[in-house]
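Model the full structure from these sequences, guided by the hints.
These protein sequences, in sequence, are chains A and B. Residue numbers are given in the working numbering: position 40 of the first sequence equals residue 40, and the series is strictly consecutive. Residue numbers are given in the working numbering: position 367 of the second sequence equals residue 367, and the series is strictly consecutive.
Derived SDA-like pairs (lysine to any residue); straight-line CA-CA distance at most 20 angstroms:
| hint | chain 1 | residue 1 | chain 2 | residue 2 |
| --- | --- | --- | --- | --- |
| 1 | B | LYS276 | B | SER193 |
| 2 | A | LYS29 | A | THR46 |
| 3 | A | LYS29 | A | ASP47 |
| 4 | A | LYS29 | B | ARG210 |
| 5 | A | LYS29 | A | GLU123 |
| 6 | A | LYS29 | A | HIS53 |
| 7 | A | LYS29 | B | GLN214 |
| 8 | A | LYS29 | B | GLY213 |
| 9 | A | LYS29 | B | VAL212 |
| 10 | B | LYS325 | B | ALA292 |
| 11 | A | LYS29 | A | ARG49 |
| 12 | B | LYS325 | B | PRO368 |
| 13 | B | LYS276 | B | THR211 |
| 14 | A | LYS29 | B | THR211 |
Because the hints were derived from the structure by calculation, they are not lab data. Being a predicted model, the structure only gives us computed values, none of them experimental.
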Amino acid sequence: MRVSGMRVERIVAGSPDRDIAGAPALVLKEPISFWGGVSPVSGRLTDPRSRYHQRSLAGVALFIRELRGSSSGSSVLLELIYRRLAPAAIILDAPDAILALGAIVGREMGWHSPPILRLSAAEQDLIDDGVSIAITRDGWLRIGDIAQSQE
Amino acid sequence: MNLDSHERGLLEGAAGEGAALAMRVLVESARVLGATRLVPIRSAHIDGCLYHGDSGTLFAERLVGLGARVAVPTTLNVGALDLLHGGRTRLEPAARSMAHRLMAAHIAMGARQTWTCAPYQAGHRPAAGEDVAWGESNAVAFCNSVLGARTNRYGDFLDICAAITGRAPRTGLHLPENRLARILIDATAVPQSFWRNDIAFPILGAWLGRTVGQQVAAIEGIGHPTEDQLKALGAAAASSGSVGLFHVIGVTPEASSRSIAFGNLPPERIISLDLKALATARASLSTANRIAGEPIDAVAIGSPHLSSEELRTLDRLLGERQCEKPLYACTGRHAVEALREEGIGERLSHRGVIVVTDTCIVVTPVLPAGGGVLVTNSGKFAHYAPQNTGYEVIFATLQECIESAVQGSLQLDAGEWHES
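Shown next, in the form of structure tokens:
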């Protein structure tokens with residue numbers, strides 16, 4: 001049986017450009033600033049005032065509704081890429097050049113860089129924190145656990 | 001992407017491999033931003049010289065190795081080291097070396113060694129209407145709002161790529177229609193006496209950023225703020241929201257009147273500002289609960305970097321007194337240089353003020369290790385210090401900051417702000 005998915009728009013392709021399977025979803029419901037909000041050393045969220053404090057970004061499908069704050073976010077993402085602590089994919093409500101830059105430069109440097117994708121905040125609401133996410137190169141996002149239960 | 005022959009040439013390596021790499025990054029970013037063409041820029045301000053990790057150094061050195069040079073006058077934002085005061089930062093030797101290499105790479109590409117987040121205080125003041133490419137959120141807000149020059153918030157990497165290519169994506173705040181105010185902030189209900197308080201403007205900025213996010217607002221009824229007050233407003237707004245441009249009606253260059261600020265259109269939204277909202281915004285800037293007389297560990301001012309005038313004010317308010325707790329005064333080397341003949345830097349140092357140049361306390365480890373309670377009058381320090389330094393923050397006026405440093409304990413003025 002064919003499992004329905006959600007269309008995600010590609011902002012920046014991953015490098016290498018490949019399918020992603022089994023990435024746990026980290027669905028941020030509050031705004032995030034990469035600079036100041038993410039440790040480039042540990043890849044963890046650092047704001048003690050946030051309910052996501054200490055969650056790791058490494059290997060997750062990171063859903064972000066709202067980005068804010070410093071333009072140094074590109075550097076933090078590039079450092080995560082360089083240290084192999086980057087999310088498997090970053091899914092935004094709206095295109096964002098600051099995060100895109102980190103991924104574009106990561107690709108230019110020849111490092112493994114996550115795709116930056118777009119999915120509306122309303123559709124992000126359908127995704128529960130922690131579920132398993134698959135994203136194909138041609139832009140389909142599926143919730144892995146549903147796929148398994150229907151097989 | 002519609003590129004002209006010069007731009008296509010850069011992409012094809014006519015000006016070398018470094019410029020070609022910069023052009024690839026620029027064109028790809030322009031595509032992400034939805035731009036179909038590029039705009040020539042007159043100057044650049046680079047935020048990418050701040051060390052965040054080895055990756056940024058490796059990228060800058062890749063550009064240098066490929067022969068890249070800046071094509072327009074370019075200033076540099078803070079680095080992670082105070083090059084004038086060795087040992088000021090507590091970076092580990094490996095990070096110190098990489099931070100230094102990153103700063104050196106930017107010098108090698110031909111940028112001016114300004115090392116300040118307030119390049120507009122260091123003589124870099126583009127004319128109204130000029131297209132430029134600036135990084136660092138407070139500098140961007142100031143450049144657009146107070147100078148009337150046109151820039152988007154250029155993140156690390158895009159800023160240096162724009163400087164190398166002399167181009168930026170033609171989108172966002174480069175386009176006149178996107179610079180018009182959409183939201184009117186009506187502050188006429190706030191008593192005029194409030195705006196004489198020196199922390200009024202960072203509080204307004206913190207509120208503005210949270211309220212309008214990236215939308216362009218025009219503020220009415222806050223009198224005639226000084227350049228330093230507008231600087232504080234913009235910095236707080238850019239850190240709490242993503243404000244890249246705001247107008248103050250009757251004050252800033254694109255808002256000589258309400259109708260000009262809004263392009264003869266009615267505001268899409270009118271928000272009335274009152275003291276209650278400002279009190280809430282003020283409370284949000286402090287994370288520590290301390291009452292007057294309780295101990296504090298350090299005081300920090302100067303985000304954005306203190307102007308010469310602000311250093312003079314610090315000197316005057318401190319007088320001959322000695323600081324019991326360290327008072328960190330972050331500023332640019334240009335401001336220190338300008339005051340050299342007045343002997344202010346030396347006098348401040350003798351009285352326990354730690355003058356920090358070329359960098360600042362939230363971007364690199366300067367404050368004593370172990371955390372504690374930090375008193376600051378900067379909305380931006382208040383925003384970033386808890387996450388970046390491990391210090392809890394108390395937001396206070398400049399006078400309260402200075403008295404707290406002198407006494408070594410929290411000193412608060414009597415007044416309406418502490419009774420609510």
